[in-house]
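Using the hints provided, position chain B relative to the given structure of chain A.
If you're matching them up, the sequences are chains A and B in order. Under my numbering, think of the first position of the first sequence as 1, with each following residue one higher. Under my numbering, think of the first position of the second sequence as 1001, with each following residue one higher.
Some hints here could point you the wrong way.
Some but not every residue of chain A turned toward chain B, in silico, with C-beta under 7 angstroms [said to hold, decoys possible]: (1) G25; (2) L82; (3) V171; (4) L176; (5) L183; (6) I201.
What the simulated footprint calls covered on chain A by chain B, stretch by stretch (three residues with Cβ under 8 angstroms from a Cβ of chain B suffice, anywhere in the stretch; the number is not a length) [to be verified]: (7) 86-100; (8) 107-116.
Here are the simulated distance ranges between beta carbons [unchecked claim]: (9) B/A1045 with A/S69: 15 to 25 angstroms; (10) A/L145 with B/S1092: 22 to 32 angstroms; (11) A/A215 with B/S1092: 25 to 35 angstroms.
Hint data in this document are derived by calculation from the structure and do not stem from the laboratory. These numbers were taken from a predicted model, which means no experiment stands behind them. We treat Cβ as the ideally placed atom computed from N, Cα and C, and that holds for glycine.
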Amino acid sequence: MTSQEITPTRLPFLMGVYDAFPLLGGYIPVAISFGLISTQSGFSVMETILISTVIYAGASQFLFVAMISAGAPLWLVITMTLLINARHVVYAPSLAIYLPQSRWWPWLMHGLTDQVFALALTRMEKIPEHTRMGWYTGAALLAWLSWIVGTAVGAVAGEELTTRWPLLGEVMPFALPALFLVLIAPRFTSRIWIITLGATIILAFLLKLFGYLNAAIPLAAVSGAVIYYLIQKLDTYNAK
Amino acid sequence: MQNDIWIALVASAVGTLLIRLLPLIWMQRHLAKRKSQEAVAAMPAWLSVFGPLMIAAMFGVSLIPSSQTVAAWISTVIGVLVTLIVWWFKRSLGWPVFAGVIAFGTVTLVF
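Only chain A is shown next, with the shape it has when bound in the complex:
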């Protein structure tokens, strides 16, 4: 896959903030829902904000709150919370090659969510190396703060907001599929990638449709990788 380098026209930090703006459409409505559900489950506003600040992982936060309020054993709460995030294991290694040396990276990894990873993987290779740290900090910080602010708003006034503007919560989350589409579209560059990406999208779609929410992303990606290598082997075999 080829890539064209983008020459930054503004400060790297601001460029990251600008690029991460579409994430807000997906983050804020979900964060508001989390804030609302958490307070309804018996957590205080401050506790709810703290959960979003330190765990900062959508699905596992919902699970954490639901399992605690249902009285599940703590070891199970912790295990399930971490298992849901297990897919994050492949994110940092995929980005490592683009990251310049800095002692701040370990702390900045707190902001490496699904969406920030998708954005970073696509953008980092296109911007100069010296701007990547600032870019990532801007993008990750905006996403993290929007998650915390959204949670706070949901915890304080979530019920009123969802009653008054029910459509907003329905429409804004479309920013996420739209963003993923824009990030993945330039990758459809060859036959092997068209087949592999197409199969992965369809498989992930079907897995979620049939209720395998947490397994959908890793399972579809692994299947896609298998398909990629099968096609590659087949092409090599045919070329002989």
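For chain B alone, coordinates are given in the frame of chain A:
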């Protein structure tokens, strides 16, 4: 919050950070080792394949609307098409997403 819930919160937070952080340290050591051996520093090939596939999987999963009605499916299809068309012409991040959300919202409102 009771003490045991605090423990669960701290353990989940630290565990989540480690899941994101430890693979980075492993890969940075791997790359440094390759460099010190005067070999070309490169990622394992499977990782360069896996990254885009994770984004594709996220896209597939995010396509399912929260309310699975006919109107929501039509809005999703139109939203995706508009996003794709605007991306084709603009080749940028912001405008295609903005146009997609507006198209999705408009169709949702109409239905």
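*Please flag the earlier hints that this structure goes against, numbers listed from lowest up.*
9
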